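Chains as they are written, first to last, in my numbering: chain A, 2 to 172; chain B, -12 to 87; chain C, -19 to 715.
One should not assume that every hint holds.
Capping the alpha-carbon separation at 25 angstroms, the derived lysine to aspartate or glutamate pairs in DMTMM-like fashion look like this [as the list claims (entries may be wrong)]:
#	chain 1	residue 1	chain 2	residue 2
1	C	171	C	643
2	B	74	A	130
3	B	72	A	81
Computed far set for chain C versus chain B, every beta-carbon distance over 10 angstroms [to be verified]:
#	residue
4	-2
5	12
6	48
7	59
8	196
9	245
10	369
11	684
12	685
13	690
14	697
15	700
Among chain C residues calculated to face chain A with C-beta under 10 angstroms, some are [as the list claims (entries may be wrong)]:
#	residue
16	39
17	42
18	45
19	47
20	49
21	67
22	69
23	687
24	693
25	694
26	701
27	707
28	708
Don't read these hints as lab results, they were simulated from the structure.
On a predicted model such as this, the values are computed, not experimentally measured, just so you know.
Even for Gly, the Cβ is constructed at its ideal location relative to N, Cα and C.
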Amino acid sequence: MTVQLILFFILAIVAVLTAVGMLVSKNAVYAALYLILNFAAVAVFYLLLNAPFLAVAQVTVYAGAIMVLFLFVIMLLGAEKLGQSQVQAWQRPLAIGLGLILAAEMVYILVSGAGGLVVASQGTTINPDFGSPANVGMELFTKYLLPFEVTSVLLLVAIVGAIVMTRVEKK
Amino acid sequence: MVPVMYYVILSAILFIIGALGVLIRRNAIVVFMSIELMLNAANLAFVAFARQYAATSGQLFVFFVMTVAAAEVAVGLALIVAIFKTKASINVDQINTLKG
Amino acid sequence: MLLSEATNAGGNFSLVPLVVFFPLIGLLLNIIFGGRLGEKAIGWLASLASGLAFGVAVLLGISLIGSHGAGVTVPFLDWITIGSLHLQWAFRVDTLSVTMMLVVGGVGTLIHIYAIGYMHEDVRHNGDPGRYRRFFVFFNLFIAAMMVLVSADNYLMLFVGWEGVGLCSYLLIGFWYDKGKDGIGNAIAGKKAFITNRIGDFGFLVASFLMFKFFQPLAEGGVFSFDFDSVAAIAPKVASPVILAITLFMLLGVAGKSAQLPLFVWLPDAMAGPTPVSALIHAATMVTAGVYLVARSFAIYSLVPAAQNWVAIVGGVTALFAATIAVAQFDIKKVLAYSTISQLGFMVAAVGMGAFVAGMFHLVTHAFFKALLFLSAGSVIQGMEHGHHAVEHDPLLRRKMKQNERLGSTHHFDPQDMRNMGGLRHRMKTTYWVYLAGALALAGIVPWAGFWSKDEILAEALHLNPAVYWLLTIAAFFTAFYMGRQVIMVFFGEPRSEPAAQAHENPPIMTVPLVILALLSTFGGFLNLPFIHTFTHWIEYTIHPAAEAAEAGAEAAAHAGPWYMWGGLNLIVAGLSTLLALIAIALAWMIYTRRVEALKSLPAARRPDDPLRSMLGPVFTGMEHKWWVDELYEFLIIKPYVAISRFLAEVIDWKFWHDFFHDTIIAGGYRGLAWIFANPIDLGVIDGIANGLAEGVRGLAAQARRIQTGFVRNYALSVFVGVVLIISYLVFQLR
Chain A
2 MTVQLILFFI LAIVAVLTAV GMLVSKNAVY AALYLILNFA AVAVFYLLLN APFLAVAQVT
62 VYAGAIMVLF LFVIMLLGAE KLGQSQVQAW QRPLAIGLGL ILAAEMVYIL VSGAGGLVVA
122 SQGTTINPDF GSPANVGMEL FTKYLLPFEV TSVLLLVAIV GAIVMTRVEK K
Chain B
-12 MVPVMYYVIL SAILFIIGAL GVLIRRNAIV VFMSIELMLN AANLAFVAFA RQYAATSGQL
48 FVFFVMTVAA AEVAVGLALI VAIFKTKASI NVDQINTLKG
Chain C
-19 MLLSEATNAG GNFSLVPLVV FFPLIGLLLN IIFGGRLGEK AIGWLASLAS GLAFGVAVLL
41 GISLIGSHGA GVTVPFLDWI TIGSLHLQWA FRVDTLSVTM MLVVGGVGTL IHIYAIGYMH
101 EDVRHNGDPG RYRRFFVFFN LFIAAMMVLV SADNYLMLFV GWEGVGLCSY LLIGFWYDKG
161 KDGIGNAIAG KKAFITNRIG DFGFLVASFL MFKFFQPLAE GGVFSFDFDS VAAIAPKVAS
221 PVILAITLFM LLGVAGKSAQ LPLFVWLPDA MAGPTPVSAL IHAATMVTAG VYLVARSFAI
281 YSLVPAAQNW VAIVGGVTAL FAATIAVAQF DIKKVLAYST ISQLGFMVAA VGMGAFVAGM
341 FHLVTHAFFK ALLFLSAGSV IQGMEHGHHA VEHDPLLRRK MKQNERLGST HHFDPQDMRN
401 MGGLRHRMKT TYWVYLAGAL ALAGIVPWAG FWSKDEILAE ALHLNPAVYW LLTIAAFFTA
461 FYMGRQVIMV FFGEPRSEPA AQAHENPPIM TVPLVILALL STFGGFLNLP FIHTFTHWIE
521 YTIHPAAEAA EAGAEAAAHA GPWYMWGGLN LIVAGLSTLL ALIAIALAWM IYTRRVEALK
581 SLPAARRPDD PLRSMLGPVF TGMEHKWWVD ELYEFLIIKP YVAISRFLAE VIDWKFWHDF
641 FHDTIIAGGY RGLAWIFANP IDLGVIDGIA NGLAEGVRGL AAQARRIQTG FVRNYALSVF
701 VGVVLIISYL VFQLR
């Protein structure tokens, strides 16, 4: 067992546990905190997968900006907890059952390699600078320049939309 | 070196947990967070496959997904705030105005 | 008969359509422009139209003299051509028709002129001057229709005129349709005349149908045209029972139009019309149409002696019957009306016996003196009305009148009641003299017109049908009596009412035509003097076959007969009738002057209104009530008819057809069927299907709607289910 593998398993357990924790925690603030932890674990996976730029972006954008925004809204609305009202009582078991079926199916597909979905169990050799910020940036501003610009427009629209939606109508 | 298969399986597990969160939780904000979790799971799969095939494009897709997720969160939370203003609740089980 | 086409005859013959068109133009002008013309202009325009028609008739007469009596047929236009029927609108000009035209045009014109003055008063007296124009329009229409009648060349064209004059008669009897008993008396009188005439017209029509049925196959080329010549030519070839039927049905028409038994009842009521109408239509012209028809049909009547006999008997009985009624009438116009019926009886009897010339002669002279008598009576009536008017506006006279009034008639003064008259000869001199002339002519006193014509009929009757001779002789006696009674009651003695005492003469526009007619009545008989026989020869150009024998006999008698035959005049007959007339007049004089004087000693309450009443008792009552013929008809015909009508209307039509058949069976059945269709079928089945479909869809939708919970989690779940299913599919597919 290599160090990496050990690290992976530990982090995988953390990731799954935090995800489950988010799923079951009654308090929305707790859920947000679990999710931050989860995102952090995933960021470490990115490092392990030779994606340092994404790992940093994950921490700053996801675990930082987005989750802060979540927490801010939760606090703003004071809606950490909801009363008991099982209107759709049948939904939960059904959803869990379906989730289990889906998980089983996925595992089956991945393990059996049906449909040509071959997942190599051994990593391929790569350039040492694979996933470096320089490479990613080069790719982004050359090959994916147009999507990048479109993304900026998308963000602008999102900003405008958010402002319009939350703005108080003046009588 | 951790096999890519592990990452993909982890990704699948996280995705299903996220999906269950969407289906089970009644708090609109938590539902949203579950969606983020699902996106994250997808991102993890992207990065894992990018590593396997040594393709930077996979990482760039994750980058775009993050941007879209950010935009989505901004708009989505604005919606939740707006709904809360009128309904004084973010319980999705209390919002069925579109009932047929 | 030497009839030739107009094209190769004298030019004057082609003028004949004008006798119809002049009155038509006159009435059209009066209809269109009459509203802007004054009364005088309207009256003179109408008179001029009639006078021009008369002028044309005179020209035609001169042309006939020029052509030695040879008549012509003037085709005007084709009327109806259907298969074997070919009717022409053709005018016939021969001595018979021209005689009628002259009478209609001449007497008509005089009466038109008279009416200018008479109607001027009449419309004011009746309170509607606006009807002045209408009167003359109707009058001209009558002249036109009568001219069509007499100038027709075939039976159907004659029938058009026949109906046209009937219409005018109806219109003019009901001229004051809002007056009379209960405000509808005149309208009822008009209706009675019309309906009675329709019964006669039915006879005429049936005769025409029979004629077509039996004459058409024998007609030349199989095309029958109803014209008199072809009828006369075919008639001998037709079986005599058919001819008998035709003539008897035609007799029914004659009885209707010429007021013979049993259809005479309309004529007395027709006096509801203004007096010029009575004079022109109901005395001088229209009512003689029946006589004209028989004379015109002499060819077929001559073939069946039985029919002739019937006609003669009808005429004779009517003559006597009506004469007796005339004796006991008090209305000055009613006396003349029954007199007219009686005299028409003379004419019908004459033409029935085959004495067509004598009948036509009497028709002409009667037109003169009866028109004169009616117009004079109108003059008397209007004089009385003037007197009444004067009394009404003088309180002193009014009181006097109330005191002297006969019992029982204090409320309404009747200017036509002879009991209110008397002594008018001093106040209305012209009227008196002309009336006297007319009365003498009617009574048959030498040398007035009536004597010559009536005597000719009597002489022929003695020769042809003795029974009818006696009927007519007695009728002549009564005629003289009632005319004497009338003249004495109206003009002699003392005025029996204040209006009579105040009456005065009418203006010249009325008296001048009277004088002319009086002259005609006096000298009209000279048309056919013994030895000369102008009129006989004139008519015989047209009518000869039947009269031939009789006239030949008379001619022979004139030259070589016994001592009493003097130039075609039977001195015994003439003497007897004159003697009877004189006796009757003397009797009337005795009764109505002496006897009345004698009765004056009685108190007013017990004094009879007519001395004859106390002398004859119930007989007088019978005569006064017209022998209850109207009541008899009422009882025998009208009551049962009304009862049957009522039964048909109320029971058969209303109860059975309406209530039972239509309402119950048809409407009820329909309603029931409709109910079945509406309720069980439409509401039940059809609506059930439609509503069931709708309910089914609605129920399905309600179920389907439940899918749309509105909960976003449910939607997410359904997406998730989809994902799971797709993945499952892939799993099984890719295995």
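Hint check results:
Straight-line distance between C-alpha atoms of residue 171 (chain C) and residue 643 (chain C) comes to about 35 angstroms, which puts the hinted pair past the 25 angstroms bound. A threshold of 25 angstroms between alpha carbons decides the hint, and for residue 74 (chain B) with residue 130 (chain A) the separation of about 52 angstroms lies outside it, so the pair is violated. Restraint check: the Cα-Cα separation between residue 72 (chain B) and residue 81 (chain A) comes to about 16 angstroms, which is no more than 25 angstroms; the hinted pair holds. Every CB of chain B lies more than 10 angstroms from the CB of residue -2 (chain C), the least distance being 98 angstroms, so the non-interface label holds.
The claim that residue 12 (chain C) is not at the interface with chain B holds, since no C-beta of that chain comes within 10 angstroms of its own (minimum 83 angstroms). No beta-carbon of chain B comes within 10 angstroms of the beta-carbon of residue 48 (chain C); the shortest separation is about 117 angstroms. Its beta-carbon lying about 86 angstroms from the closest one in chain B, residue 59 (chain C) satisfies the requirement of being farther than 10 angstroms from that chain. For residue 196 (chain C), the shortest C-beta to C-beta distance to chain B comes to about 91 angstroms, beyond the 10 angstroms cut-off, and the non-interface label holds.
Taking the minimum C-beta to C-beta distance to chain B, about 94 angstroms, the non-interface status of residue 245 (chain C) holds against the 10 angstroms cut. Here residue 369 (chain C) stays apart from chain B, with its beta-carbon at least about 101 angstroms from theirs, past the 10 angstroms limit. Not every CB of chain B lies more than 10 angstroms from the CB of residue 684 (chain C), the least distance being 8 angstroms, so the non-interface label is violated. The beta carbon of residue 685 (chain C) is not kept farther than 10 angstroms from every beta carbon of chain B, the shortest such distance being approximately 4 angstroms.
Non-interface call for residue 690 (chain C) relative to chain B: violated, since the shortest CB-CB distance, roughly 3 angstroms, does not exceed 10 angstroms. Once the 10 angstroms rule is applied to beta carbons, residue 697 (chain C) is inconsistent with being away from chain B; the minimum gap is 5 angstroms. Distance check on residue 700 (chain C): its Cβ comes as close as 6 angstroms (rounded) to a Cβ of chain B, failing to clear the 10 angstroms threshold; non-interface status is violated. The restraint placing residue 39 (chain C) at the interface with chain A is violated, with a minimum CB-CB distance near 111 angstroms, outside the 10 angstroms limit.
Of the supplied interface hints, the one on residue 42 (chain C) is violated, with its beta-carbon coming no nearer than about 117 angstroms to a beta-carbon of chain A, more than 10 angstroms. Here the hint on residue 45 (chain C) is broken, as its CB sits about 121 angstroms from the closest CB of chain A, past 10 angstroms. Given the 10 angstroms rule on beta carbons, the hint for residue 47 (chain C) is violated: about 120 angstroms separates it from the nearest Cβ of chain A. Nearest Cβ of chain A to the Cβ of residue 49 (chain C): about 122 angstroms, over the 10 angstroms cut. The hint is violated.
The beta carbon of residue 67 (chain C) comes no nearer than 100 angstroms to any beta carbon in chain A, farther than 10 angstroms, and the hint placing it at the interface is violated. With a cut of 10 angstroms, the hint placing residue 69 (chain C) at the interface with chain A is violated, because the nearest CB-to-CB distance is about 99 angstroms. Using the Cβ-Cβ criterion of 10 angstroms, the hint placing residue 687 (chain C) at the interface with chain A is not satisfied: the shortest such distance is roughly 14 angstroms. Evaluation of the residue 693 (chain C) hint against chain A yields a held restraint, the C-beta minimum of about 6 angstroms falling below 10 angstroms.
Residue-level restraint check for residue 694 (chain C) holds (minimum Cβ-Cβ distance to chain A is 7 angstroms; threshold 10 angstroms). With a cut of 10 angstroms, the hint placing residue 701 (chain C) at the interface with chain A holds, because the nearest CB-to-CB distance is about 7 angstroms. For the restraint placing residue 707 (chain C) at the interface with chain A, the shortest Cβ-Cβ distance is roughly 5 angstroms, inside the 10 angstroms limit, so the hint holds. About 6 angstroms separates the beta-carbon of residue 708 (chain C) from the nearest beta-carbon of chain A, less than 10 angstroms, and the hint is met.
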